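Residue numbers (the numbering used here), protein chains in the order written: chain A, 1 to 180; chain B, 1001 to 1125.
The reader is advised that the hints may include incorrect statements.
[As the list claims (entries may be wrong)] Among the chain A residues that face chain B by a calculated CB cut under 10 Å, a handful are:
| hint | residue |
| --- | --- |
| 1 | Tyr129 |
| 2 | Leu133 |
| 3 | Leu146 |
| 4 | Gly147 |
[As the list claims (entries may be wrong)] Quick list of simulated restraints, FRET-style, between CB atoms:
| hint | chain 1 | residue 1 | chain 2 | residue 2 | range |
| --- | --- | --- | --- | --- | --- |
| 5 | A | Asn104 | B | Ser1087 | 47 to 57 Å |
| 6 | B | Pro1119 | A | Gly111 | 37 to 47 Å |
| 7 | B | Asp1101 | A | Lys108 | 34 to 44 Å |
| 8 | B | Glu1082 | A | Asn93 | 34 to 44 Å |
| 9 | A | Ala119 | B | Asp1101 | 27 to 37 Å |
| 10 | B | Asp1101 | A | Glu43 | 12 to 22 Å |
| 11 | A | Lys156 | B | Arg1040 | 31 to 41 Å |
| 12 | B | Asp1104 | A | Asn91 | 21 to 31 Å |
Honestly, the hints are just simulated from the structure, not real lab data.
Fair warning: this is a prediction, and the values are worked out from it, not measured in the lab.
Beta carbons are placed, not taken as given, at the ideal position from N, Cα and C, and that holds for glycine.
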Amino acid sequence: MLSNFVNVHLSKMSAQNVLYSYQGVIDESITEKISALMDKHFEENSIPSERRKKFFLIMVECVQNVFHHQLKPEHEGQPFESGIIVSNDENSNYRIVSGNYIVNTSTKALGEKIDKMNAMSAEQLRAFYQESLSVAELSEKGGAGLGILDMARKSKMPLEYEFVPIDEHYSFFILAIAIP
Amino acid sequence: MNNLIIEESIKTPSVAFAAESGILELKGKSIPENSLEFYRPVFEWIDNYGQSPNSSTELKVRLEYFNTSSSKCLLDVFRRLETLSLSGKSTVKVSWYYDGDDEDMMEAGEDYSALVKIPFELLKA
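Excised from the complex, chain B in its bound form (with noise of 0.2 Å):
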């Protein structure tokens, strides 16, 4: 299976999803108006991914702030990694990075935490 490499741009962040290692990472801001053009090919590649994943799968969300748009994707993608996990295929869980000071990130890291049932790990970037 393919990786999944997109590149940062001012309104969407990278995104490098690796199917040997199971290591996803989205890293920036992610303020596209409308968000589902640029979250469809992540939800599929994670779709394709859940067919055979790696026996373990992390990610890492290191995103500076993100729009009201991407949060109802963000929440997609975690529910997708909520099959997975349920599926018994992978072990799944997310790492959330966060500035020290940014209350609003912090928070969000919280509210997808009590939202999805996957371990969310909030870290101090």
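The following block holds chain A by itself, in its conformation from the complex (with noise of 0.2 Å):
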């Protein structure tokens, strides 16, 4: 099943070029492998070291917040564990797909969530990160909380998500940042 999410967005992204694909569980590894295939890409592009850096920045914590928030080993054998990271690069426009089930009762409050940051303005998302970090308590994975409202900040743009009804109990949640 989770196959045909990745290839409706891969369709989705058709005319754009796909830099690297991942499907499967997100362990400790995978950002590694991505920044080794993204060096060779940015090497043969020339592309900036401030662009890289942010590429590398937004990405390590776009694959962590899915290694935080997959659902946990006892639902291991069924496909609740996989999560996708897939990148694309439109004239060097680049942008990072995850996608990773969640329980239905957590889809509303996540949405409300990323709203109310895609309504905020640049120093609002500040002093909202600032508030959060003050607070933050490290989940027993290391989570701070704090992923999409740093991605969000440093995207500049509006984050695209959507949740992907599965059957009663889960969702399929995708989210796109672009990287400016």
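With the hints as a guide, bring the two chains together.
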């Protein structure tokens, strides 16, 4: 079922150049693998170091966001742990797309949180970040609950998202971030 | 008291904390999935150092970039230094180095300086 989503998304981006696409359990080695692939691309296209840095920062945050939130191993054997990470390049406008399963009871709050961020100015996002950082607590897996906010702030463009309903318990959460 | 020396790795910065001089330095990238594992010995060292610190303490932050998991731990580092400063045992400052063009890292330094009551000096590296 998951591969359908990947295909849908890849076809949505069909006119565009997919730089890499990963599907499976997101573990601690993924950021390094993507970095290695992207280093090559950046070298070949002589991309300036500030843009590379911006891409890596948002990519790391995006991958770790899925890592921290992918559903727990009690669902092992079912596809619930699988995530996707895809990046594409349309005339050097980079975009990072992530996907992971989410329980239906979380979708409303998450959607509202992203809508709220998308409506904020850069200054408001910054104040909201400072406020959130000052009260942040790390989860057991090390998430600070700041990932999406940080990506919104660094991207400076609205985050696109979609919840694809799977069944009565689960949806698939797709998040797309434009890299300035 | 022993110095705290940790080598840089792909996802974690180098740590060079010298008890005698009161010069502490973090350098490199900080992007581990779970930053608490990495920063726990850093916290412990600062807590011990605070028992009998140098009369001045300077933390030099030379980070290229860090993730949000680390951002929380960095705030905890600064909060410990704030406690040390408030104890009156040591004059504390943070020197925050950033690449001239790196707006994100400059703003990050400003954000921390707004959240803790210790002097931050923002320096173009």
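These are the hints, each one checked on the structure:
Hint status for Tyr129 (chain A) relative to chain B: holds, with the closest Cβ pair at about 7 Å, below 10 Å. The beta carbon of Leu133 (chain A) is positioned within 10 Å of a beta carbon in chain B (closest approach about 6 Å), and the interface hint is therefore held. Checking Leu146 (chain A) against chain B: minimum C-beta separation of about 4 Å stays under 10 Å; hint holds. The closest approach between the C-beta of Gly147 (chain A) and any C-beta of chain B is roughly 5 Å, which is under the 10 Å cut-off, so the hint is satisfied.
Taken as a hint, the range 47 to 57 Å holds for the pair Asn104 (chain A) and Ser1087 (chain B), whose Cβ atoms sit roughly 50 Å apart. With their beta carbons about 41 Å apart, Pro1119 (chain B) and Gly111 (chain A) fall inside the hinted range of 37 to 47 Å. Restraint check, Asp1101 (chain B) to Lys108 (chain A): a C-beta distance of roughly 40 Å satisfies the suggested window 34 to 44 Å. In this structure, Glu1082 (chain B) and Asn93 (chain A) meet the distance hint of 34 to 44 Å, their C-beta atoms being roughly 42 Å apart.
As the Cβ distance of Ala119 (chain A) to Asp1101 (chain B) is approximately 29 Å, the hint placing it in 27 to 37 Å holds. A beta carbon spacing of about 19 Å between Asp1101 (chain B) and Glu43 (chain A) agrees with the range 12 to 22 Å that was offered as a hint. The supplied range of 31 to 41 Å is met by Lys156 (chain A) and Arg1040 (chain B), whose beta-carbon atoms lie about 34 Å from each other. Between Asp1104 (chain B) and Asn91 (chain A), the C-beta spacing of about 24 Å keeps the proposed range 21 to 31 Å intact.
Of the numbered hints listed earlier, not one is contradicted by the structure.
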